[in-house]
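Here the structure of chain A is known, so what remains is to put chain B in place on it, guided by the hints.
Heads up: the protein sequence lines correspond to chains A and B, in order. So for the first sequence, this note's numbering puts the first residue at 1; every next one is plus one. So for the second sequence, this note's numbering puts the first residue at 1; every next one is plus one.
Take the hints with a grain of salt, since some may be wrong.
With the C-beta cut set under 10 Å, the calculated list includes, among others, these residues of chain B facing chain A [to be verified]:
#, residue
1, 93
2, 163
3, 164
4, 166
5, 179
6, 250
7, 251
Read the hints as simulated data drawn from the structure, not as lab findings. Please read all numbers here as calculations on a predicted model, not as lab measurements. Don't be surprised by glycine CBs; every beta carbon is placed ideally from N, CA and C.
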Amino acid sequence: MTALFDWLPAELMQHPLAVARETADADRKSGPRTPGIAVDVTHVAKRFDETEVLHDIDLAVRPGEFVAILGHSGCGKSTLLRLIAGLEAPSDGAVAVDGRWLDGAPDAGDTRILFQDARLLPWRRVLDNAAIGGTGDAWRAKARATLERVGLADKADRWPVTLSGGQRQRVALARALVSEPRLLLLDEPLGALDALTRIEMQDLIEEVWRAQGFTAILVTHDVAEAVRLADRVVVLDHGRIVETYSIEHPRPRPHGDAELGRIEQRILDRLMRRKP
Amino acid sequence: MSRPKRKRLGGGLVPWLLPVLLIVVWQGAATAGWIATRVLPAPLDVLAAAWKLIGTGELWQDVLVSSGRAAAGFAVGGGIGFALGILNGSSRGAARLLDSSLQMLRNIPHLALIPLVILWFGIDESAKLFLVALGVFFPIYLNTYHGVRTVDPQLIEMARVYGLSRRRVFFEVVLPGALPSILVGLRYGLGITWLTLIVAETISASSGIGYLTMNAREFLQTDVVVLGILIYAALGKLADGGARLLERRWLAWHPSFQAEFVR
Numbered sequence: 001m002t003a004l005f006d007w008l009p010a011e012l013m014q015h016p017l018a019v020a021r022e023t024a025d026a027d028r029k030s031g032p033r034t035p036g037i038a039v040d041v042t043h044v045a046k047r048f049d050e051t052e053v054l055h056d057i058d059l060a061v062r063p064g065e066f067v068a069i070l071g072h073s074g075c076g077k078s079t080l081l082r083l084i085a086g087l088e089a090p091s092d093g094a095v096a097v098d099g100r101w102l103d104g105a106p107d108a109g110d111t112r113i114l115f116q117d118a119r120l121l122p123w124r125r126v127l128d129n130a131a132i133g134g135t136g137d138a139w140r141a142k143a144r145a146t147l148e149r150v151g152l153a154d155k156a157d158r159w160p161v162t163l164s165g166g167q168r169q170r171v172a173l174a175r176a177l178v179s180e181p182r183l184l185l186l187d188e189p190l191g192a193l194d195a196l197t198r199i200e201m202q203d204l205i206e207e208v209w210r211a212q213g214f215t216a217i218l219v220t221h222d223v224a225e226a227v228r229l230a231d232r233v234v235v236l237d238h239g240r241i242v243e244t245y246s247i248e249h250p251r252p253r254p255h256g257d258a259e260l261g262r263i264e265q266r267i268l269d270r271l272m273r274r275k276p
Numbered sequence: 001m002s003r004p005k006r007k008r009l010g011g012g013l014v015p016w017l018l019p020v021l022l023i024v025v026w027q028g029a030a031t032a033g034w035i036a037t038r039v040l041p042a043p044l045d046v047l048a049a050a051w052k053l054i055g056t057g058e059l060w061q062d063v064l065v066s067s068g069r070a071a072a073g074f075a076v077g078g079g080i081g082f083a084l085g086i087l088n089g090s091s092r093g094a095a096r097l098l099d100s101s102l103q104m105l106r107n108i109p110h111l112a113l114i115p116l117v118i119l120w121f122g123i124d125e126s127a128k129l130f131l132v133a134l135g136v137f138f139p140i141y142l143n144t145y146h147g148v149r150t151v152d153p154q155l156i157e158m159a160r161v162y163g164l165s166r167r168r169v170f171f172e173v174v175l176p177g178a179l180p181s182i183l184v185g186l187r188y189g190l191g192i193t194w195l196t197l198i199v200a201e202t203i204s205a206s207s208g209i210g211y212l213t214m215n216a217r218e219f220l221q222t223d224v225v226v227l228g229i230l231i232y233a234a235l236g237k238l239a240d241g242g243a244r245l246l247e248r249r250w251l252a253w254h255p256s257f258q259a260e261f262v263r
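Same shape as in the complex, but just chain A (with noise of 0.2 Å):
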């Protein structure tokens, strides 16, 4: 068994989070898979124009978490989680993945990020669209592969377009996973999905994130999908964190767990401003 680990970065290993999923991985019998990085946002601030949209941000996620970012829409949790990917640079402060600063050029190497929709190219079918991190064949073959994992092998030559919204966001999320990414970031990327569909999507992107031990950090409005996927979840208001709360539950975690649901509770009403 050990022999397995010896890859692995030391630090890594010491992580409780990390050996046990590590763990479960082996038993599964499902081969070696690329671990989560680290994501450090230090004093971080961002303005547009006069408005400060995020006010001295500080967040350390360690490598392989799952971290929820809740909060009210429009405060600055998508800004955040644009920060981190790079795609917008901070006016104050530094946002670091895996030890490297980033410089606001967007880290194609190791982050991948679920959007709010899909955004698929509607000009390629779906398995082009699953490839599109990368190119030949063999690039293609675990295109392939990764949409068999999402459950869509048999919608590999369909257009984007005839595909049900769900169906969309799993082909978007193969395609984050064909590059065994080791930071996904989710921005509410099931918010436009039915509820059953949400709860299968909830379901799937658990499975995968047990499996490949990559960092996730979801964007998220619901309460209820924050605690259900999350080790941490951060709660954003008006651009500050004002509540973090740590959720160690076993996973995989039932629906309408009771000790889930009294967590739940406790965090809407922070969000709503009643005390208990």
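The following block gives chain B in isolation, referenced to the frame of chain A:
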């Protein structure tokens, strides 16, 4: 079971009913002597004229010359329009420098330049080429420019996040995204090509369909004149059909073409 079949068969024929009726009435009226042959020749006479001209090889010669001019003018004007549309669509600086000047030129009707063009080029091939190219330039330029400008910026951002090079972003995101608009420009441009060519050939030419009809006019051969008009119509329709075929092939992904592609 036979009902839907009959319906479909009838449906296919309906659009042809009126044209066929018109030709029959036309032929009847001409045979009965109600229309003077000098005003409008009978359809059969037009056919006979076509047969004669095909026999002498004259018709092919003229069709070839006219099509060559159309193709050359379209290639030059369309090529420049496409290149400038792409340039201005992708570079704000270039657009600021060039676009307003081009928009000013656009308001000059290109056929109004004919006297000037004859002074510049004589009644040479280059005069016709210039006019056609000028006419084709604007629809292609405008639609390419508009197409590139309206490509969804979110898709471009996605492509950047997924590490696509600038080259790949252009060929795999910008160009296909602009293609529906470019093809609209193509169809407009083809229409203008033939229109311009008809005018240019009618005014000054020593070969081509326009020359054929103007020559026939001198000898009061109305059948040849009508034949020339019909050939222009057929060539225009053929070009438009080609453009639609391209649309079908290249825009198979487009929602408006999806009905027949959903399996």
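Do the hints match the structure? See the list:
1. 93: violated, 21 Å
2. 163: Status holds, d = 3 Å.
3. 164: This hint holds: residue 164(B) lies near chain A, its Cβ roughly 7 Å from the closest one there, short of 10 Å.
4. 166: violated, 13 Å
5. 179: With Cβ-Cβ at 8 Å, under 10 Å, it holds.
6. 250: holds, 8 Å
7. 251: Since chain A brings a Cβ to about 8 Å from residue 251(B), closer than 10 Å, the hint holds.
In this structure, the earlier hints numbered 1 and 4 are contradicted, and the remaining ones agree with it.
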